[in-house]
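A.B. asks: Chains as they are written, first to last, in the UniProt record's numbering: chain A, 1 to 244; chain B, 1 to 244; chain C, 1 to 244; chain D, 1 to 244; chain E, 1 to 244; chain F, 1 to 244.
Hints are supplied without guarantee of correctness; some may be wrong.
Which copy? The list can't say, so a pair holds if one copy fits it or any two copies do.
Stated by the list, open to error - Simulated pairs of lysine to aspartate or glutamate, EDC-like, Cα-Cα distance not exceeding 16 Å: (1) Lys2 x Glu31; (2) Lys2 x Glu65; (3) Lys2 x Glu67; (4) Lys222 x Glu170; (5) Lys222 x Glu194; (6) Lys222 x Glu118.
Calculated directly from the structure, the hints in this document are not laboratory data.
There are 6 protein chains.
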Amino acid sequence: MKIKVINPNTTWSMTEKIGAAARAVASPGTEIVAVSPSMGPVSIEGFHDEAFAAIGVIDEVRKGEAEGCDGYVIACFGDPGLAAAREVASGPVVGIAEAAMHAASLIGTGFSIVSMLERSRMTMEHLVQAYGMEHRCRSIRMTDIPVLGLEEEGSNAQAHVIEACRQAIEEDHADCVLLGCGGMSDLMRRVSAEIGAPAIDGVSAGVKFVEALVGLGLGTAKRQGFARPLVKEYTGALAGFAPT
Amino acid sequence: MKIKVINPNTTWSMTEKIGAAARAVASPGTEIVAVSPSMGPVSIEGFHDEAFAAIGVIDEVRKGEAEGCDGYVIACFGDPGLAAAREVASGPVVGIAEAAMHAASLIGTGFSIVSMLERSRMTMEHLVQAYGMEHRCRSIRMTDIPVLGLEEEGSNAQAHVIEACRQAIEEDHADCVLLGCGGMSDLMRRVSAEIGAPAIDGVSAGVKFVEALVGLGLGTAKRQGFARPLVKEYTGALAGFAPT
Amino acid sequence: MKIKVINPNTTWSMTEKIGAAARAVASPGTEIVAVSPSMGPVSIEGFHDEAFAAIGVIDEVRKGEAEGCDGYVIACFGDPGLAAAREVASGPVVGIAEAAMHAASLIGTGFSIVSMLERSRMTMEHLVQAYGMEHRCRSIRMTDIPVLGLEEEGSNAQAHVIEACRQAIEEDHADCVLLGCGGMSDLMRRVSAEIGAPAIDGVSAGVKFVEALVGLGLGTAKRQGFARPLVKEYTGALAGFAPT
Amino acid sequence: MKIKVINPNTTWSMTEKIGAAARAVASPGTEIVAVSPSMGPVSIEGFHDEAFAAIGVIDEVRKGEAEGCDGYVIACFGDPGLAAAREVASGPVVGIAEAAMHAASLIGTGFSIVSMLERSRMTMEHLVQAYGMEHRCRSIRMTDIPVLGLEEEGSNAQAHVIEACRQAIEEDHADCVLLGCGGMSDLMRRVSAEIGAPAIDGVSAGVKFVEALVGLGLGTAKRQGFARPLVKEYTGALAGFAPT
Amino acid sequence: MKIKVINPNTTWSMTEKIGAAARAVASPGTEIVAVSPSMGPVSIEGFHDEAFAAIGVIDEVRKGEAEGCDGYVIACFGDPGLAAAREVASGPVVGIAEAAMHAASLIGTGFSIVSMLERSRMTMEHLVQAYGMEHRCRSIRMTDIPVLGLEEEGSNAQAHVIEACRQAIEEDHADCVLLGCGGMSDLMRRVSAEIGAPAIDGVSAGVKFVEALVGLGLGTAKRQGFARPLVKEYTGALAGFAPT
Amino acid sequence: MKIKVINPNTTWSMTEKIGAAARAVASPGTEIVAVSPSMGPVSIEGFHDEAFAAIGVIDEVRKGEAEGCDGYVIACFGDPGLAAAREVASGPVVGIAEAAMHAASLIGTGFSIVSMLERSRMTMEHLVQAYGMEHRCRSIRMTDIPVLGLEEEGSNAQAHVIEACRQAIEEDHADCVLLGCGGMSDLMRRVSAEIGAPAIDGVSAGVKFVEALVGLGLGTAKRQGFARPLVKEYTGALAGFAPT
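Throw the hints in and build the complete structure from the sequences for me.
C.D. replies: The following block contains the structure:
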């Protein structure tokens with residue numbers, strides 16, 4: 001089975017970290033292809049970044065179909081481009097926010113999300129609502145650290161994240177925490193050990209859920225909203241992205 | 001006041017119709033600039049089309065800021081790119097689905113949406129939920145006519161739309177109908193007359209709501225999720241879209 | 001266009017303030033008629049006051065129909081009598097709580113309401129729910145100042161309101177605030193300037209939304225719950241209010 | 001114990017029927033006082049009628065406090081004036097829509113409401129939502145019979161109501177029905193027998209719930225929204241209703 | 001009328017307290033039979049305890065049917081076995097959490113629950129949601145006292161409970177409190193007096209609601225989910241519990 | 001990895017079918033132990049059956065902990081005993097209704113449930129709500145076939161189920177169907193082929209999700225509601241089930 005893990009931003013140091021997390025949990029027969037798109041924002045911190053990151057995600061799924069990929073993980077906690085990617089893919093496509101929330105709902109009574117810039121709070125809230133997780137989400141704690149702060153050596157970003165996770169467990173009645181950024185995918189075991197409760201990395205969860213769905217013979221449903229894009233003309237600078 | 005009405009698809013016959021509808025309701029001092037983006041899908045029928053249409057919408061808002069636009073209307077009933085456009089704009093940005101639903105909620109007890117392809121039902125449902133209109137939405141009737149069917153001369157698309165509107169009023173307990181496509185913006189008065197109940201065109205409603213907000217001195221709030229895009233690098237084919 | 005702005009309480013100093021706020025935003029061709037009913041409570045602070053204020057509101061709308069009014073604004077943040085007034089009116093009727101919430105939802109990611117006596121909290125909550133704004137409302141801050149405290153010269157009521165608005169922005173993740181009382185309609189620009197975020201006065205918003213709806217040719221929908229009151233007998237002291 | 005059952009309309013033939021239903025279920029020590037207000041609409045079919053009926057309801061509760069009433073039932077299925085009446089009363093006040101829904105939720109898995117004019121559908125829906133009964137309400141069937149049609153001898157209104165109740169049970173997965181009008185209070189046992197499932201009359205249920213609450217020593221809570229009306233001036237024709 | 005009040009745990013000192021509370025509010029003609037099952041957990045503090053307590057509850061209802069009981073109260077604030085008990089019973093079955101919440105919603109604007117171990121929070125939340133009380137529940141305060149702590153002489157458990165009730169009223173905008181454990185049923189009047197607001201004991205409320213329903217001639221609805229258990233074989237150690 | 005698949009009823013022909021379905025999708029290193037409890041109902045059709053089935057489920061999980069099981073699947077579409085089983089287990093426990101709904105939400109826009117007796121409709125609805133799937137569930141179609149009807153040779157139960165699945169796809173806007181009974185676990189591929197859309201068997205999905213969670217190193221969260229049962233006495237016939 002070949003799973004493409006797409007880091008929607010174009011910072012390859014993060015892509016490598018994400019790829020390593022994916023490989024660490026993949027089953028023996030699973031090949032992980034971890035990529036960033038060939039274009040787009042170096043980090044995703046708001047709706048504008050998300051809109052452009054979605055283009056890169058779709059492009060990678062389109063290429064993945066030609067490469068024989070069986071499924072996809074979108075490795076940014078805003079799940080950018082998820083619905084459009086599902087139209088393009090035959091196999092399953094799973095976002096890491098989605099994967100983390102579903103995993104949490106299968107093991108605990110309530111989760112907290114720990115994530116980055118305050119400005120992305122609304123994205124988190126919107127996903128919680130869209131995925132039907134309002135009764136499970138105990139709190140959303142934004143650390144107000146920029147995404148790339150996680151990549152800087154010597155930064156205390158990780159310490160701040162761990163502290164926020166601890167507060168979620170101790171103050172918000174959560175019994176597990178979601179690591180709300182692809183760039184935290186190396187922290188799953190460390191956070192879990194430090195807070196004494198499950199910490200869930202969506203990249204890892206996404207890989208295992210795609211494996212599960214492919215193992216069930218399930219691809220994306222094609223009868224309604226995720227039917228293949230209709231063949232039509234796209235114009236101008238976007239002409240090359242027209243569905244064929 | 002200068003309002004840019006953006007038809008997110010690149011079919012200019014529809015853009016002209018939309019512009020005419022906008023001008024028909026604009027106040028004396030309001031200048032309407034009706035455009036299609038320079039790039040993107042010729043019609044929007046699914047999540048893939050929406051993702052690419054969003055790029056064109058954002059680009060037009062970016063240009064609009066330089067052109068001195070006071071506000072924007074996004075004239076596709078899926079409101080593509082709305083959140084990202086709000087990050088870019090100083091003034092208000094209103095989507096036509098949003099505008100139509102808000103207008104309906106101010107004049108009636110329950111509305112129905114009449115729109116195009118069945119595959120877009122989930123988009124409609126998602127917007128109804130996101131805008132808090134679940135208690136007001138009586139039904140969503142998809143006619144399964146392609147968007148560009150409305151542009152074809154001699155087609156009976158309009159008759160089908162009107163019939164669906166009539167059914168919504170007579171069978172679904174709705175007291176007004178929303179015309180669920182920018183391409184229906186010429187039908188507001190005709191439908192209303194034929195069904196004996198208000199028919200709401202989102203383009204018209206969007207223009208009046210932008211006028212209202214600008215008249216109130218209100219622009220897009222910049223303290224949280226709609227703060228300006230952070231300045232950062234975008235790479236590859238999308239490099240030119242990086243926020244500056 | 002003639003818009004009647006009804007201050008549901010009978011304190012005319014407040015009515016004048018409300019009228020001034022309405023005129024300050026009205027379009028050139030709009031005539032504002034600001035009135036208090038000829039009867040009813042001098043301030044509205046609870047359900048009992050609201051029930052009696054509703055009678056005055058209905059009476060003013062009934063008279064307004066004879067006076068050729070094109071639309072109505074109900075200028076109390078509990079929107080008393082709104083549904084009944086819609087039965088009576090041909091044109092649109094908008095409440096200021098409703099107007100403020102809709103305006104906020106078009107420009108920001110989340111609003112807070114700042115209002116008066118703690119005992120009215122449930123009214124605010126009920127309106128938030130009824131208007132589908134639960135996902136947008138960040139907090140409701142009651143200052144516990146009586147309504148008429150805003151009218152007293154030398155009082156520090158305004159300072160308390162502004163402080164509560166500031167807290168909403170800084171502590172509750174709101175990006176705009178709603179001024180939760182008709183008596184605050186003179187504070188819109190001052191609060192906005194002091195807190196560095198949009199402050200929305202429902203009176204002003206109500207006027208612009210009624211202008212917008214009338215401009216769209218939309219009146220109140222008459223097919224379902226807002227159909228004209230059935231002609232019937234009312235008895236005793238209320239006989240004169242019977243629908244005719 | 002003295003319970004005042006207030007028929008909010010002024011049609012005394014209905015008041016007598018309601019009083020009889022109340023007495024039929026009252027406990028030995030309970031005195032039922034069944035009244036119509038001295039003023040107001042002869043039937044309640046819309047928001048306008050409700051607004052005026054509320055005045056009469058409040059007035060009867062005010063008088064009831066002086067008369068030593070221990071609790072109140074508001075015997076119209078729109079529960080007009082309920083919140084305001086609670087401010088005035090020391091003891092409990094229960095509306096018949098409220099009572100019927102709570103009773104249904106204690107004995108079955110889902111109820112249907114069978115009521116009168118189509119135009120009142122929104123009132124029913126609003127109450128279902130306000131009382132938290134959305135997951136319990138299987139359907140709302142409006143028979144489109146005027147309220148006073150139930151009072152006409154020789155009318156087939158009762159047969160229509162019973163037929164709608166039967167359809168609710170057989171087609172809508174309901175296991176009990178609510179008789180959605182005070183004027184149906186004589187039908188509880190007959191409908192129940194004919195449909196082979198519980199039919200719930202809110203008047204009867206209201207009386208038993210008030211008895212229960214008084215028996216528990218519970219009156220209306222006075223710390224928040226149902227605190228006594230503040231003493232203040234009311235002006236004009238409503239001056240006599242000012243809280244004292 | 002004979003009402004069986006079932007304390008689902010097997011601590012008879014608590015059963016006696018519960019029986020006394022039930023008798024204190026029962027109407028003259030009502031016989032209270034207060035029992036613990038012949039088997040099961042000595043206290044109920046989690047889902048495991050609840051699952052086994054449900055067996056005892058069902059067994060007592062089964063026996064109660066043979067004993068001529070007219071209705072049942074399940075006297076544990078998690079309402080264990082409620083749905084299954086309703087299948088077995090002809091008359092009404094009411095849980096004390098359910099009874100307390102319904103009573104609170106008839107007298108106030110918002111309640112708080114004060115209960116025992118933190119680990120049961122999710123049970124409380126689930127019931128609030130299942131009973132449609134999310135808009136009425138102001139807070140859930142778990143005191144983290146074990147259930148049997150209430151039975152220990154000289155313990156300060158009662159003082160802690162009262163303090164939590166006071167905080168609910170003063171800090172959480174509640175206007176009444178629910179005593180969230182059958183073992184608090186002796187505290188209703190004392191708490192109420194100390195906090196100056198209604199305190200509701202579900203045992204007392206449950207008895208009065210069962211009296212009310214029986215007085216209305218209403219038993220459990222038998223057309224849908226609460227139909228009698230189908231006759232079938234149960235095997236092994238549970239063979240004796242098979243429906244007959 | 002050792003996964004115990006528990007058929008909560010005691011009909012071993014169904015258990016074998018369920019075991020076969022589980023083994024058909026299990027990964028190479030996964031051992032499936034398919035069992036029925038040693039006690040309990042032969043089929044589960046209502047709340048009474050569920051309550052007793054839960055005891056058997058808990059007992060099997062308790063034994064499974066001693067047997068070294070890494071995770072559990074509860075193979076009845078009502079997910080009986082799920083929360084209690086989670087208290088007992090170290091590893092993950094997944095119900096098949098839960099698993100099927102989560103899988104559906106990862107591949108499609110909306111699902112329908114096809115299940116057995118009408119009387120279990122409320123259980124389905126309750127699970128849809130509890131799992132946050134209300135926006136995803138298009139319809140619940142009960143075929144009114146008894147559970148053991150699926151086991152009878154020569155019965156046309158399977159044909160009825162397939163027909164209901166087809167109707168869900170063609171009439172209810174669903175793009176996938178959930179097989180709403182453990183006894184349908186052999187139908188996944190056949191239904192899928194006949195309706196041209198994904199059919200999801202919860203047993204298969206449950207096995208893959210447990211594999212995924214164990215592969216992630218995630219067990220049941222133990223900080224809140226799923227903490228181990230407190231050690232305490234159980235009395236009478238249930239004494240042997242006391243937590244130790």
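A.B. asks: Against each hint, give a clear statement of whether it holds in the structure.
C.D. replies: Comparing the hints with the structure gives:
For the homomeric pair Lys2 and Glu31, the shortest alpha-carbon distance inside one copy (5 Å) is at most 16 Å, but the shortest distance between copies (24 Å) is not. Taking the closest pair of Cα atoms, Lys2 and Glu65 come within 16 Å of each other only inside a single copy of the chain (11 Å); across copies the shortest separation is 34 Å, beyond that limit. Taking CA atoms no more than 16 Å apart as the test, Lys2 paired with Glu67 passes inside one copy only; the shortest distance there is 9 Å, against 34 Å between copies. Taking identical chains as interchangeable, the C-alpha atoms of Lys222 and Glu170 lie at most 16 Å apart only when they sit on different chains, with a minimum of 13 Å there against 44 Å within one chain.
In this assembly of identical chains, the alpha carbons of Lys222 and Glu194 lie at most 16 Å apart only when taken from different copies (15 Å versus 43 Å within one copy). Within a single copy, Lys222 and Glu118 get their C-alpha atoms only as close as 36 Å, which misses the 16 Å cut-off; across copies the closest is 12 Å, which meets it.
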